[in-house]
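Whole structure, please, built from the sequences with the hints as guidance.
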Amino acid sequence: MKFVAGASAGIMATPVPWKLLDDVSIWTQNWSWIPRNQYGESTYAHAVSKMDPSGVPMRIRLVDGRPVRVLPVEDHPLGGGLTALSVAEVQMLYSPGRVKRPLLRAADGGFTELDWPAAAKILQEKLTEAGKNTAFISGDESSSTNEVLSAFAKGIGSDQVFFMPSEGQCASVAARLMGLEAQFGYDLEKSDYVLAIGANLLESWGTVVRNRRIFKESHPHPVRSAAKGIKEAAPMAVLAYAGSVQNNTAAVARPWLPIYPGSEGLLALGIANMLIAKGRVVDAADFDAFKALAAKFTPEEVARLTGVDPKKLEAVVEGLLKAKAPLVVVGSEFGQGAGAAPLMAAFAVNALLGNINRPGGLVLMPPAQTAMPKAEARSGMYAKDLASWIGTAKPALLVLHEANPVYALPDPESVAAALKNIPFKVSFSTFMDESAALCDLVLPIGMGIERTDDMESPYGCGGSVYCVTPAVVEAEQDVRSTANALLFVARKMGMDLGFETLMDLIKAKAQQYGKAKFDVLASGKALVDDRTVGPRGLKLRADILGKALQPAAKAKDALCLAPYAKLSMGTAKTGIPPYNNKTLRAGDLDGTAMTVLMNAATASKKGMANGDRLLLDSGRRRIAAKLRVYEGVMNDTVAVCLGFGHTALDEFSQNKGANVMELMTAAAEPGTGLSVWTGTAVAVSKA
Amino acid sequence: MSAKKEFSVKWGMAIDLDKCTGCGACMVACQAENNLAPQADASNKRRVMNWLVVYELSNGKAFPDHEVAYLPRPCQQCAEQPCATVCPVVATERNEEGGIVSQVTPRCIGCRYCMAACPYHARYFNWFDPIWPKGMEKALTPDVSMRPRGVVEKCTFCHHRFMQAKDVLRTKGIDVYTRAVDGKHHCAIPENGYVTSCAEACPNGAIVFGDLNNPAHKVYQLVTGNDNAFRLLERLGTDTAVYYISSREWVRRLGDNYLPDEETQKPQQILPKKH
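Residue numbers (my numbering), protein chains in the order written: chain A, 10 to 696; chain B, 2 to 276.
Some hints here could point you the wrong way.
Sample of chain B residues facing chain A (criterion: CB under 7 Å; computed from the structure) [to be verified]:
| no. | residue |
| --- | --- |
| 1 | G23 |
| 2 | A26 |
| 3 | M28 |
| 4 | V29 |
| 5 | A41 |
| 6 | S44 |
| 7 | N51 |
| 8 | V69 |
| 9 | P134 |
| 10 | E138 |
| 11 | K139 |
| 12 | T142 |
| 13 | N227 |
| 14 | P268 |
Don't read these hints as lab results, they were simulated from the structure. A quick note: this is a predicted structure, and the numbers were derived from the prediction, not measured. By construction, the Cβ of each residue, glycine as well, lies at the ideal position given by its N, Cα and C atoms.
The structure is reproduced here in structure tokens:
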């Protein structure tokens with residue numbers, strides 16, 4: 010008995026059981042498959058994200074030469090933080106969706122691997138064979154690679170060089186139609202009242218990090234103390250947002266003006282009418298015609314067409330009129346398909362506010378320059394409408410550069426069918442996306458931090474800006490850059506494009522931009538040029554606006570479709586980055602089913618309730634989804650997030666919801682030559 | 002609960018909910034910095050490992066009067082920790098100058114008492130071995146060890162950055178702490194010398210990090226006497242080091258379980274200011 014008692018007391022008092030427990034805990038955590046920390050010296054390099062379309066300057070931390078983190082850059086005109094996409098860039102180096110070496114379609118339908126010399130030979134043969142019957146599509150608007158693409162195309166007699174649709178394209182076409190040889194810039198830094206109509210400034214429109222840094226600087230933290238007599242400081246600049254979804258921008262904008270999707274241009278015309286009624290004029294030859302058109306958009310009519318609250322709109326217009334530097338920015342809530350007319354209407358509003366080329370206003374930047382002799386200007390490439398071309402044209406050869414039209418264009422199924430009819434397709438791609446998976450030759454290119462590249466005045470910036478991004482790390486995959494591969498093939502074909510490598514072209518371009526040294530630019534310095542061009546010969550083009558800005562046709566029981574974009578969902582090229590899956594909120598996905606949003610009144614009208622399984626039917630295609638009742642959506646509207654429904658890429662992107670582009674069909678925008686798909690309507694029923 | 006330890010330096014956050022757009026950059030930055038493994042299917046939130054989550058808040062009103070706000074939620078670094086008091090193996094404690102609640106994962110036996118105790122759901126059980134897509138382990142930082150399945154994890158305010166900031170001072174021959182005339186320790190780390198990964202990434206400046214005891218730090222100025230400041234579940238008495246600020250009363254009311262007729266309270270009304 011004594012022994013048992015003594016033993017018990019001893020066990021209780023001795024540290025041995027606890028030490029053993031501690032050891033068991035430690036040793037049961039040592040498994041060979043758990044990675045160990047790899048130590049080394051930390052070094053840092055500057056780069057610009059080519060993965061994130063918003064042009065994010067980055068500082069890359071490398072440990073023993075391995076990139077491990079993306080860090081923000083404060084001292085840069087486009088810097089001040091990171092987006093949910095750019096912050097995951099170094100992890101994407103190891104994405105399972107990467108193309109590792111050149112692939113050629115085999116007779117059995119699969120891919121066979123080959124080396125670059127063999128791939129280049131096939132490419133050369135196919136380009137020689139197709140000649141002027143070759144088309145090119147670029148998914149990167151700001152790189153000098155586009156000069157190589159267009160100069161090469163010209164060399165083989167083709168003028169079919171397209172960009173993927175974007176906000177920049179809509180703005181470029183709008184400027185050209187208004188007689189302006191310029192790129193629209195937005196001096197958000199100096200504006201004290203910004204009205205964003207459809208432009209999701211703080212998430213997916215233009216230079217997102219810069220926009221958000223400006224928002225930070227203009228909105229002091231809310232400090233208030235009754236005891237100390239401290240009142241809350243008013244923001245230095247108002248940010249108002251008009252759009253159909255209470256998105257990331259609307260969450261912090263004051264006020265949010267809900268409008269129907271696709272009615273952005275109509276709202277701008279309504280604002281123009283209110284400004285004209287206050288005596289505002291524009292020095293343009295066709296101002297009277299514009300005034301007559303705008304007069305039709307009375308506040309009551311605009312309220313009917315757009316769903317906007319007239320009182321809220323009046324308050325916003327009063328705010329614009331009182332502001333020293335007001336600025337109106339129009340865009341698409343999902344960054345594409347708006348057409349040129351809404352941008353033209355917005356330009357007219359800005360002109361009425363008297364802010365063209367004024368501090369805090371809309372800036373007319375000189376067009377992006379070309380350094381390659383035969384290259385086409387960016388505005389020339391923007392003028393060609395891909396969405397309408399792809400369904401009708403039949404090139405013998407299609408070359409894609411970082412473009413995924415099979416996922417990103419409206420009605421992807423028809424796009425895939427069109428691509429299948431093209432005899433030979435080549436994709437220069439970092440990832441095995443939906444389009445690359447359909448191609449006959451897939452050529453791997455490095456990610457932005459694995460190659461030397463540049464970025465020239467991305468859409469949305471406030472003045473011309475030129476940045477170079479150097480290769481921070483050598484790729485593990487057998488990659489080349491699209492430009493260098495094409496320049497190599499050009500030489501083999503006996504063409505002289507003036508430069509041997511993209512690096513030479515970038516050096517020449519840097520010289521054009523204020524004689525800058527490449528090394529200085531590669532160390533993270535941005536070249537800024539504040540020159541503007543005058544709005545001489547401005548035409549407001551009421552003839553086009555009157556035809557193009559019409560309310561979208563919609564069946565009585567149909568709902569307006571409001572797609573919205575989030576950078577955390579990646580792009581059509583990247584899919585959802587592995588680290589970004591977790592940013593999906595509870596309820597965004599139910600297993601593999603995606604969630605769509607409606608407000609309670611709309612859901613009730615349709616006899617639906619939270620959690621119902623739905624079918625969204627465009628008449629041509631339909632997608633399944635689950636309803637989440639969310640009050641931040643316009644009446645008679647169903648909101649759907651972009652970025653789901655990937656069928657290629659990797660496990661982090663696949664088996665998640667459906668691609669909302671399935672529901673959209675491009676329609677011609679009268680008078681502009683562009684296609685639009687922001688005014689889509691869908692029938693919604695219970696599944 | 003055990004007696005509360007007070008420190009001269011108390012690292013903390015002020016998160017401005019009027020600035021947060023809910024983009025998720027902070028969440029991704031946190032994962033990359035702290036070596037959290039990605040998951041192909043992250044839809045089941047009870048099986049997902051996240052040290053920082055951005056929640057969506059609603060004012061509960063119908064369209065068009067609806068408002069939305071986003072609330073990033075790291076570990077609240079309580080001075081009165083419900084978690085540490087229930088840990089049977091002392092795998093989590095608040096015992097270091099700076100007031101950060103540690104998480105010693107090699108010591109954790111995975112009992113999950115701390116998860117049950119944490120009122121903020123800031124602790125996560127590692128249900129799965131951390132698996133990175135082939136090659137992605139090369140992008141892991143050398144600063145934070147990888148954790149196996151079966152342990153509980155949580156935000157540490159990027160404690161390794163605190164250690165690095167101290168190392169920077171030491172290599173320069175500067176004492177990390179100095180005792181001032183008031184008898185308290187003062188930390189020589191400059192305000193921007195130690196910043197968490199989430200605060201660093203946010204372009205909106207929604208997350209402000211610093212020493213809650215240092216009047217020169219922005220975080221101190223933002224929370225001290227600010228009627229717009231609040232802490233989550235303040236009345237539990239956990240004395241957290243994460244403050245939220247919003248000019249919208251409905252946002253502040255969502256920070257605690259207020260009865261309809263109860264007045265929204267301020268941190269100073271509820272707990273004596275001890276730091």
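Which earlier hints can't be squared with this structure? As far as the earlier hints go, only 14 is violated by this structure.
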